[in-house]
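Peer 1: Spelled out from the first residue to the last, the chains are:
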Amino acid sequence: MPQRETGPIGDPTAITIETTIGYMGAIDHQGVIRRFPELEWDDFSGSLILSPERVDEVVSWLKEDPAYRLDYLSCVSGVDYLEKEEKTRVRNEAGKMVVKTSLSPEKMEVVYHFYSMEKKTGPFILKQRVHSRENPVVTSLTPHYRGAELMEREVYDLFGIHFTGHPDLRRILMWEAFQHHPMRKDYVPPNDYEYEPTPHGDVLQRARERREELEGQSP
Amino acid sequence: MSPVQTMPPRGYHLSKDELGADILEVAMGPHHPSTHGVFRMDLKLDGETVVDLKPVFGYLHRNHEKIAEDISYPMSMPFTDRLDYLCGMTNNWAYALSAEKLIEIEVPERAEYLRVIVGELTRLVNHCLLIGFFINDLGALGTPLLYALREREKILDLFEVLSGARMMVNYIRFGGVRCDLPEGWLGECQRIVDAFPAFLDEYETLLTENEIIIARAQNVGVVTREEAIDFSLTGPMLRASGVNYDIRKVDRYGIYDRFDFKIPIGGHGDCYDRFMVRMLEMRESVKILKQAIRDLPDGNIMGKAPKIFRPAPGEAYGRIEAPKGELGFYLISDGTPIPYRFKVRPPSFVNLTALRHMCLGHKVADAVIILGSIDIVLGEVDR
Amino acid sequence: MSLLAKGILKGMAVTAKNFFQSYYRKERLPTVQYPEEKSTITPFTRNFPFLLYDGDDAVDGMRCTACTLCERACPPQCIYIIKDKDEKGKPILRPRIFDIDTSVCMSCQLCVEVCPYEAIRMDSAFELSNENRFEGLLINRGDLLKSNDYYHALNPVEARETDDRIAAKNALAEAKKKARQKKTRLAAAKAKRPPSRLKKSPPAREKPPQPEKSE
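Same order as they appear, the protein sequences are chains A, B and C. Mapping the first sequence onto our numbering, position 29 (from 1) lands on 166, and the numbers just tick up by one. Mapping the second sequence onto our numbering, position 276 (from 1) lands on 286, and the numbers just tick up by one. Mapping the third sequence onto our numbering, position 25 (from 1) lands on 238, and the numbers just tick up by one.
No lab work stands behind these hints, which were simulated from the structure alone. Treat each hint with caution, since some may be false.
Cross-link-like lysine-lysine pairs, in silico, DSS-like; alpha carbons within 25 Å at most [what the hints assert, rightly or not]: (1) C/K382 x C/K403; (2) B/K314 x A/K256; (3) A/K244 x B/K76; (4) B/K314 x C/K405; (5) B/K317 x C/K382; (6) C/K239 x C/K219; (7) A/K256 x A/K322.
Could you put the whole structure together from the sequences, leaning on the hints where they help?
Peer 2: Rendered as structure tokens:
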């Protein structure tokens, strides 16, 4: 990048106007599947599913490979899946449709959306999946993409997912003393209702309970 | 040797041992007038030079995403207005775009044109306000800001007639827009758009050659091309660093491929280029608006949207070029009328990642204008 | 920095131009001195919702049927409806309590869009400050009800369109009713004649009782 001349003010409009930008193309997923055949590919959402150990290898390949060059990390989002019964209709041996109940295990995912600014392609979706909600640990992408720093901090704050290798993993939106992770699906908001001029019976009821609770605490 | 101490020559840097002073820690904000809301910068200063900076926010956090995961899809639409409260139209548009990816709805031609018109008017509104406040941060208190606000006010009046509100517009719906143009609206819009370049000319005479602005803003907060991509910067921030990337051109969402417009690209990546890129972007927006008003077809304004919005299980990520950068909505549906996951990718939140890098080594007064040139809105940063 | 500071002088000229022209050109000084003069409100401006009634009596002419569609569609949940009952405990199609909490209302107009009876509309009155933070901001049914004439004064174009829509709907309902009456009359005439074959009509489906809300 040229250094601007200092001294007497030169031409202020050092701005070029571009008209030609290539149209966004799709990413050839098959190449990734060929390169990493052992990884799980989710056709349903079109995403590559990773366990946290393989992240560094796969991401640095995706970033450096001349066919992909995914240099721009657009979005980092956490998703929380509780343990849940799933009912699917399957055909049994006799050829009859039956409802099969399966238990989908609890899991947490961090979803990354990549684009390539150089090749104007995208999006490529990568998901880090861990099967633990107690202490989920994934690998941080901040060493590869510095733009992930605040977005991963947000996921840590709201979902409680730890990122190994993150330079500055602190709470970002909630305050430091806050205990819970509010975007988790099983988060119960605390009963701190104040008296609001609301006509709703349940809010009013909770406000009353809260007031009684507070009055009970005070000597 | 004379014992008289002379002033150190220019460029001479007093080390903290010579001064006998330590590093000074200053919490700038959250109620500082130049932080554009409740935003705090924890600065570590060596003299007047920034040696460390930590952005602290969350004061306006109301967990928009959690609220949206408790209510149905259409009910979240008015909440998106409150994300970036200066550009409600583009927030609506981004959300509608993502939802239309989840469930296939064809948007009628006229609605697409109306979306482009209101979207580009929003870009004018946002850039007007940003440039005014940027100059305000530079020290030109009041006057240029109020000129910019005056022009913005005219467009807000248009929004009021169209949608009923000036900022919390809640205008775009899944599959179209809420209401058709009232009588005489298009003529008024045409008049304002035609008069807008005159304001831009006046504003450029007022500011772009101003020696003080050039001295303050040039070579301050430089982000190179590679750094800009690495930091995931988007919007005018990215283009000021010389990256040719605009989602309107790249994704061609809506009907942007029908319009003839150009993308201003900066050459240096400093605050001045960010300012100039936005000035030139407004001229391009005026161009798009003129073409859209000229070509606006008749017809329906709502596509065939289902009565109850209940998408099949799946996920969608829709993004648009909002005035501040890439605004994306990531929706996961589990087959119910309530989204399972609702994630906003706010542009100014991600652009803040580069703040520390840009401010290091500059003076405190420069940190203020660097923050101003990022163009943050705390409603969007904190959500 | 150049000593001449040409750019600054140019800027000063622009400021001077704006200053002098603000005395005689409206677009240079669009400020309105608020309490003394008020800026114009467009017919489309929306602030808080109100309920519409037809005719002279507010309660009898109420268009609202307490279907609670708006209550369910309201994003901040600021509407509260309890259905009315007559002396025998039979429900009447109108709300006994219809409260809107304006301290929570976000003026999003979704209630207007979902209402199938054109009963709720957005008002543009804006000077609504109140001394009582709690009950004063809670608008109840009596204050919410406004006549159709009020709506006509507020937004004539939309009010006329609404009236036309309601008239068309009523005409359609009337036509349907007539057709049904004709049908029953024909059926009755048929029934007088000896029936060719017995037809069993399905039993009328009973409506499940509406769950009652506690106050």
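Peer 1: All hints are to be evaluated individually against the structure, with a verdict given for each.
Peer 2: Quick rundown of the hints versus the structure:
Taken as a hint, the C/K382 and C/K403 pair is broken in the structure, with Cα atoms around 31 Å apart against an allowance of 25 Å. Between B/K314 and A/K256 the CA atoms are separated by roughly 36 Å; this puts the pair beyond 25 Å, and the hint is violated. For a cut-off of 25 Å, the pair hint linking A/K244 to B/K76 stands: about 19 Å separates their Cα positions. Taking the CA atoms of B/K314 and C/K405, the gap is about 48 Å. The hint is violated against a cut of 25 Å.
Our distance criterion of 25 Å between C-alpha atoms is met by B/K317 and C/K382, whose separation comes to about 20 Å. Among the hinted pairs, C/K239 with C/K219 is inconsistent with the structure: their alpha-carbon atoms are about 30 Å apart, more than 25 Å. Using a Cα cut-off of 25 Å, the hinted pair A/K256 and A/K322 is violated, with the two alpha carbons roughly 38 Å apart.
Hint check: violations occur at hints 1, 2, 4, 6, 7; the rest are consistent with the structure.
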